[in-house]
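Engineer: For reference, the chains in residue letters:
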Amino acid sequence: MKFSGLRTYAVLYLLFLYAPIVLLPVFAFNSGTVVSFPLQGFTTDWFAQMAANTTLRRALTNSLIIGGSAAVLSTVLAMFAARASARYRFRGKAPVMGFIMLPLVLPEIMIGGSLLIVLLAMGVKLSILTVILGHVLIATPYAITILSTAFSSLDPSLEEAAYDLGETKWSTFRRVTLPLVLPAIISSMLISFTISMDEFIIAFFLAGNEPTLPTYIYSQLRFPKAIPVILALGTCLVVASIALLTLAEYIRRRGLAKTGAKDSGGFL
Amino acid sequence: MNKSNLDEKQMIEFRDVQKYYGDYHALRGISASIREGEFFSLLGPSGCGKTTLLRTIAGFEDISSGAVLIDQGDMRDVPANKRPTNMVFQSYAIFPHLTVAENVAFGLRRDPRTKAEKQKLVDETLAMVGLSGYGTRAAHALSGGQRQRVALARALILKPKVLLLDEPMSALDRKIREQMQVELIKLQRELGITFVLVTHDQEEALVMSDRIAVMFEGEIAQLDDPEELYRRPKSRRVAEFIGEMNFLPTDVIGESQGKIQIEVAGLGRAQIEPGQVSAGMGAEPAVGFRPETMTILLDEAATQDREAAGTIAEVVYYGDMTYYDVRLDGVERTVRLSMRNLFGRPVLEVGMRARIAWSEGALILFR
Ligand SMILES: Nc1ncnc2c1ncn2[C@@H]1O[C@H](COP(=O)(O)OP(=O)(O)OP(=O)(O)O)[C@@H](O)[C@H]1O
Ligand SMILES: [Mg+2]
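Chains Z and S, in that order, give the protein sequences. Add 247 to a position in the first sequence, counting from 1, and you land on the number used in our numbering. Add 23 to a position in the second sequence, counting from 1, and you land on the number used in our numbering.
Take the hints with a grain of salt, since some may be wrong.
Simulated crosslink set (DSBU-like; lysine-lysine; CA at most 35 Å straight-line) [to be verified]:
1) S:LYS184 / Z:LYS416
2) Z:LYS505 / S:LYS257
3) S:LYS198 / Z:LYS505
4) S:LYS182 / Z:LYS416
No lab work stands behind these hints: they were computed from the structure.
In isolation and in its complexed conformation, chain S is listed as follows (with noise of 0.2 Å):
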């Protein structure tokens, strides 16, 4: 991730942008800004609203109000033709009638230079993105990461200031779509072009961007880098909609010297720093904790950290991690820990004893 050579000139900015479709609400009170440069992503659930959000960047969306800015200018009356944006459909929406060289060289009619330069700048492109020599096929003759290819090209042969994707890697099977999610990462630190990516897999979100903005229901719920996100989430609802966490009922006992007291569930009384504490959902106060913050402790391993005991109730193995359901002794609660299988390291089995390792500072309390 580029972070250290941003600059923070503002690309894109949403100024308490509404959106309704007749009485629905779909996109209510955006307001968040893009860095020049940055890979951005827009993260949540289905029908959240992030299409809508980067169709209004695009322009093919008119909003209800507020206002959305590229590049300091209003986009208010600028069309989408005109915008200096551009996108790479679900779809891909390659023209089927068309050649993969004609494909990528569509948005060129109107450009002065001679046939020639373009028919240069067309073979640069689709080098590329890896697809020398492909020009005189037929569009529709691809295979999906092929069209994939060819839309980016499409887009990216304009030099856009902004580069929008609207779930790109969808339609891909796993291994290519981590192959494109690597080739992404590399165009877009190449070109050094502002990329606003929509998805709803977390992973690919927290793999590929610079920052992230988790949606909910037309609402912006946290927009922050990829491992503050994961360490910092701000809600319980973002928290569980990013990675895995472990969810345990706690009572605040009260404040002392800048520090919190709290009674977990499971684990026992602990004390926190203000800065672990997260708004929660209006329900009762709980602890949250990711699966690989607490490790189960072999033979007769001493630790520093606190500790607590269990009975393992499932096992899952992935080959380099061991996923580990543990009921807590003394509360009907499991948790999820896991473990990378380091060499040596044994591979526990359902109904055996396990002493859990955990720190205060691992844990997130949501109220």
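One chain only, chain Z, in its complex shape (with noise of 0.2 Å):
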């Protein structure tokens, strides 16, 4: 085969990717307090405990008020900024996206770092607050390129032909560009949630004595007895990327068929 050596260094490379991942399902159901083989015997055991933790609990519940409120937060300024630059020309148009990409390069450690410094001389206090408006910034730019895409491939005339129906300014966004965008709404909400789902620098930096599920992890890897819980948590944060990833690619489809639009990638 012509292509063999390029074959090998696929399997390779998709094996070294994935192969960690899948096993920490393999230790979260494994007895043995020690992650290494040969395996020990099947248990629940460590599901039940980080059921039963209650930092855990609290990190999570963090995590997922940070996420959902970053998600929300970012896509709402997202959908401003992309409508304007798809729609609209105007002075300075160019630097003022640029200055909104920016977070895409800055090294997060930057953020964080200055927003700590900023936060405190102005004297306010850290909790998941301060995260949130963190997670923000850097979530923004990825939700305005999900949704830039979208604005720009919806034909102007849609917006204009409701308004002349009658239909007020809001109510065409309402009945006709929301319907369109819609998926890729959902799209980038679900990318804001995971980025700020597993974001640690920022939140380490910014959430005072609040836990995030990144920093309790983090914390707790240097307790080799907690491991095996932290793998129980893994295992239980991959299915649920996997079963969000799939809801999503299934609206975005969905949405495609819908409006007989042209399927351009996706998630899967």
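Each chain sits in its own coordinate frame; assemble them with the hints.
Structural biologist: See the structure below:
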């Protein structure tokens, strides 16, 4: 085979990428306390311990609140920016858009550090609110990228037609624009949510005493005893991610089918 | 064309409408009026401002100065969603997430009528545009011609005073385009609604319109009915844009007894009426005439008209017509003539000598 070298490479690459993730559930159900082969026996204890752990529950609740808020806020902000950049020509558009997209390339440690300094100087108390603020900042550029594509592929005369048929600017948005960009809005919320869920540095800097999932996991890795519980948690997260992604793709495809648009790539 | 039963009420009036896009002067003092119930076309080359002018009627474009009146009312502070106009967009702008019936009923949301009455109205309107039974189809699964019908139905169901159409036929292939042209004319006549059509296709404008405004660079160059526009173009530019016209350099010799004496290259001396004179482009005076106003004389046929002679340089055969490019004797000019291919009339060949009959009345002097 001409491509056998390449094929081997691809297989090894995928193995390297996903094998550790496959090991997560394997050890999460292993009754041994040490993460090593041979496997000891089957148990669901780690999951029970995980569910009983109040700090972990608190970290999870915090992360869900932060992720949900960051997803909604950054998507709403990105909708304004994306629509403006798709529809209007205005003075200073390029620099303004560049500025909004900047967190995409800025090291998070710089963002986290400088936000911390500014917030402390302003006397703001660190809490999950400050983490939400930081996460909105870094998730918005991703949301804009997704939404810009949707808004700029929308025929401008659709909105004009609705307005011409007697709708107001707002009801035009509700009856025409929103249904047509809804799949992109859902994608954007999911991506923002995911970014926030596993963000560590900003959460570490800005959360004060509140744990989030990543900071909690990091703090537990020091205790070998806690590791199987973390693996159980990891297993749950992987399952949740796959479920979310599948849902997102399903919604996206349904949206495409309904409007007869061409499929131009998605998650799956 | 239904000019006979037009009353003279104005439906739309432009008063010195100016429009700037930044520094770009897109509309340069448009003053014109469109009568109630007429089929009016805005015709011109790409970029002349037709769409911009149409959009000032719809209310999508603010004007820099001047006024647009619809049914005697100044539209300055009336937004597009409150104007008695509806638009058929070039892309048709069919809402892809709705069915055909939902698209057509889109503008009825604030209408106080009952659901059943609205349903009936939608069905009637769909029937009117020839789409009975298509109501439950997904709008994105329609052909170009069907989309256009949906766009028409969606606009007409609101009974606008004016229907605006921006190049509605340009996305259709020729066969369907010609069919839609005929249907649009019929529809307009039945409904009596004022139609304003934007097109860059002079043939389409001539076929469909009661009156045509020819636009160049943000100005109306001529506003007339199709026949007048074709027969009496007011400038060389209009003449070149509408149909085909031959031009021959001309000397103006003088005027006597209300007639103008001219010397036309290749045709000779002629006398024309003052009504046959149009404004030129500031360049040299020239005489223009349409291909069909001259005939090639076959065999020994005699004519009451004037005669000229030349050699056939090119033959273009169209089935019902043949176009001949004839090089006139004595001048390095070819003119294009068109001849109906009547039964028994031979098609001539390149290189043959031709005698041409022409009449002074068909000439237009541009100077
Ligand atoms: N939003 C805009 N901003 C700047 N210039 C514009 C804008 N809209 C139109 N123009 C310019 O105004 C001129 C007239 O445009 P318009 O769309 O009215 O032309 P048109 O006659 O409809 O041409 P076409 O046949 O190509 O549609 C063009 O030169 C165009 O570039
Ligand atoms: Mg146009």
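Engineer: Checked against the structure, which of the hints given earlier come out wrong?
Structural biologist: 2
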